[in-house]
Each structure stands twice: as structure tokens, then as C-alpha cells.
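Chemist: Sequence:
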Amino acid sequence: MNTVTVIGSINLDRTIRVKQMPKPGETMHTKEIFSAGGGKGANQAVAAKRSAAITHFIGAVGDDDAGKAMLELLTQEEIDLTGVTTLTNTSTGQAYVVVDDAGENQIMIHAGANMAFDPDYVAQQRQLIENSDFIIAQFESATDSTIAAFKLAQAAGVRTILNPAPAMAKVPTELLAVTDMIIPNETETEILTGVKITDEASMLKAAADLHALGIAAVIITIGSKGAFYDVDGRHGIIPAYKVNAVDTTSAGDTFIGAMSSVLKSDFSNLEAAIRYGNGASSLTVQRFGAQPSIPYRHELIEAGLAE
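Converting from the sequence shown to the numbering used here requires adding 155 to each position, the first position being numbered 1.
Worth flagging that the hints you see were computed from the coordinates, not collected in a lab. Every residue, glycine too, gets a C-beta built ideally from N, C-alpha and C.
Dumping the calculated DSS-like pairs for lysine-lysine here, alpha-carbon to alpha-carbon at most 27 Å: (1) Lys174 / Lys380; (2) Lys351 / Lys325; (3) Lys380 / Lys360; (4) Lys351 / Lys380; (5) Lys419 / Lys306; (6) Lys397 / Lys174; (7) Lys397 / Lys380; (8) Lys360 / Lys325; (9) Lys419 / Lys380; (10) Lys174 / Lys186; (11) Lys306 / Lys325; (12) Lys360 / Lys419; (13) Lys397 / Lys351.
Each pair of labels, with its calculated beta carbon distance range: (14) Ala356 / Gly180: 38 to 44 Å; (15) Thr342 / Thr230: 30 to 36 Å; (16) Met156 / Thr237: 16 to 22 Å; (17) Gln441 / Gln231: 18 to 24 Å; (18) Ala356 / Lys397: 23 to 29 Å; (19) Lys380 / Val401: 14 to 20 Å; (20) His390 / Gln441: 28 to 34 Å; (21) Ala356 / Lys325: 23 to 29 Å; (22) Val401 / Leu226: 25 to 31 Å; (23) Lys351 / Gln279: 38 to 44 Å; (24) Ala224 / Glu329: 33 to 39 Å; (25) Pro274 / Tyr451: 33 to 39 Å; (26) Gln441 / Asp220: 29 to 35 Å; (27) Thr237 / Ser379: 34 to 40 Å.
Using the sequences and the hints given, assemble the complete structure.
Modeler: This is how it looks when you write it as C-alpha cells:
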């Protein structure tokens with residue numbers, strides 16, 4: 156059983172369902188509106204925990220109703236929140252999500268407390284980091300805090316996983332230098348490397364550029380096609396499961412969290428771990444909402460997607 160620590164975002168998601176995305180200046184009626192737990196970091200932590208990983212979180216919420224609601228939700232998931240601080244006079248992160256009938260989404264984020272915890276606070280969580288198998292981070296919290304966490308992790312021999320999302324035009328080389336595995340999608344890969352992803356050859360070229368920065372393992376998620384990987388001279392594409400997607404909001408986060416729960420620290424079982432992550436994502440996209448859609452391990456077993 157892996158021990159996974161996520162550093163990053165905790166958001167209260169407010170989701171609006173519509174028939175199709177509104178055009179500029181257009182007003183339309185919604186089909187449904189609801190609130191649920193979200194934030195890329197929190198989603199990844201929930202996915203890891205529901206796949207039986209021992210899961211810790213480093214982050215922050217504000218002293219508001221949204222913060223209280225998110226702490227309660229994550230406590231119910233039995234995620235260790237000793238690394239989560241509550242900041243006064245600060246709003247909890249929130250995301251506003253629009254989902255259409257095709258399952259596509261548009262997301263607007265107010266970072267709030269997610270950007271307000273700093274490297275000094277991360278240093279106080281040294282023991283959590285050093286006792287982990289993997290540290291996972293995204294770009295919905297302060298980059299300097301992530302760098303601090305990854306440096307502590309690498310010094311302790313703990314593997315670091317970076318999900319470079321939302322896309323950042325200029326990723327600090329200091330962060331990439333302490334990243335063991337990077338998991339961008341096609342757009343993020345092009346922003347990182349300048350290589351337009353069109354086929355496996357272009358993915359190999361982009362992966363080579365990322366390896367040249369010192370990153371051992373590269374996974375490029377390619378939506379309904381699955382995931383490309385390149386590690387230790389092995390590469391290929393693990394196909395996604397074919398399902399009827401209704402909401403793709405937390406598909407990538409589910410993939411990363413679930414995969415980290417079964418991945419070996421030497422990446423020797425990466426192909427099997429990707430297949431497990433693909434299975435988890437295939438269940439997620441068939442449901443609405445971010446955290447409510449994330450499956451438990453027993454659901455993957457019952458669906459024949461895991462043993």
C-alpha cells in the first residue's frame with residue numbers, strides 16, 4: 156500500500172449543467188446547478204485514497220463556510236489533514252464549472268487560500284513528505300511552495316510527480332530539476348516543449364526534451380485515446396477504455412491519484428499502473444461532478460478493471 160502526499164489546491168466546485176456552451180453575450184437556461192468538493196489537488200488525493208493509498212494533504216483553506224465544508228468532506232474521506240492550515244481573512248479556493256451535454260467543460264478558478272501557504276509552511280511538513288512514497292503537485296497553488304516540497308522529497312528519496320496544469324507558459328527549471336515524473340496533456344506538453352502533439356513520433360520527441368531536463372518518467376495523457384508513456388527506454392500508448400462520457404471534469408486527476416496508489420517507486424510497473432488509472436478515469440467520466448464521480452477500488456474490481 157503506497158503512501159501518497161498531495162500538495163496543492165482545495166476548491167469548492169460550483170457546477171452548472173447546460174445543453175451547449177453559451178456563445179459570447181448569450182443568455183440561456185441551465186439544466187442543473189450543484190456544489191461539490193473539487194480542486195485538482197484534493198481530487199487527486201481523493202482518487203488515491205479511494206484506491207486504498209494512505210493519503211496526506213498539504214495545503215490551505217480560508218476561514219469561511221466553503222473551507223469548513225471542504226475540511227469536512229476530506230475528513231469523511233479519511234485523508235490526513237494535519238498538513239492543511241486554515242488562514243484567517245482569506246477565502247477558500249473556488250471553481251466555477253460549466254458542463255455541456257457532450258461532457259465538455261469550461262472551468263474558472265479563484266485560487267484564494269491555495270496561493271497563500273508558503274515554503275516556510277511546507278518546511279514544517281517535512282515529516283509528512285519524508286514518510287511518503289510519492290509527492291504529487293499541480294499548478295493550482297504557489298509554485299515556490301511546490302519547489303520546496305519537491306526538494307525535501309528528493310533529498311529523502313521520495314518520488315515526485317508533477318501535473319503541470321493549468322498550463323503555465325514558463326515552468327521554473329528549478330522545479331523541473333526536482334521532478335521525477337511529469338504528466339501533462341497534449342496542450343500542456345506543447346507549451347512545455349514547443350512540440351505540437353500529433354502522433355507517437357511527436358510524443359517521443361517531446362518526451363526526449365523532458366528527459367533532457369532530468370525528468371525520468373513522462374506520461375502524456377491524450378484524452379479518449381489513453382496515455383503515452385516513456386521511461387527507462389520503454390515507451391508506448393495504453394489505450395483508454397471506450398465509454399459514454401458525460402462529464403470529464405476530474406478525469407485527469409482521477410487518473411493521477413489512482414495510478415499513484417499502485418505505482419512502484421522504481422516505475423517498473425508503470426504500464427499496469429497506467430491501465431489501472433485509465434480504468435478509474437473511465438468510471439469517473441460516466442458521472443457528474445469532480446469528487447463525487449471518483450470511483451473506489453472495489454468499483455474497479457467489480458467492473459473487471461482491476462484485480
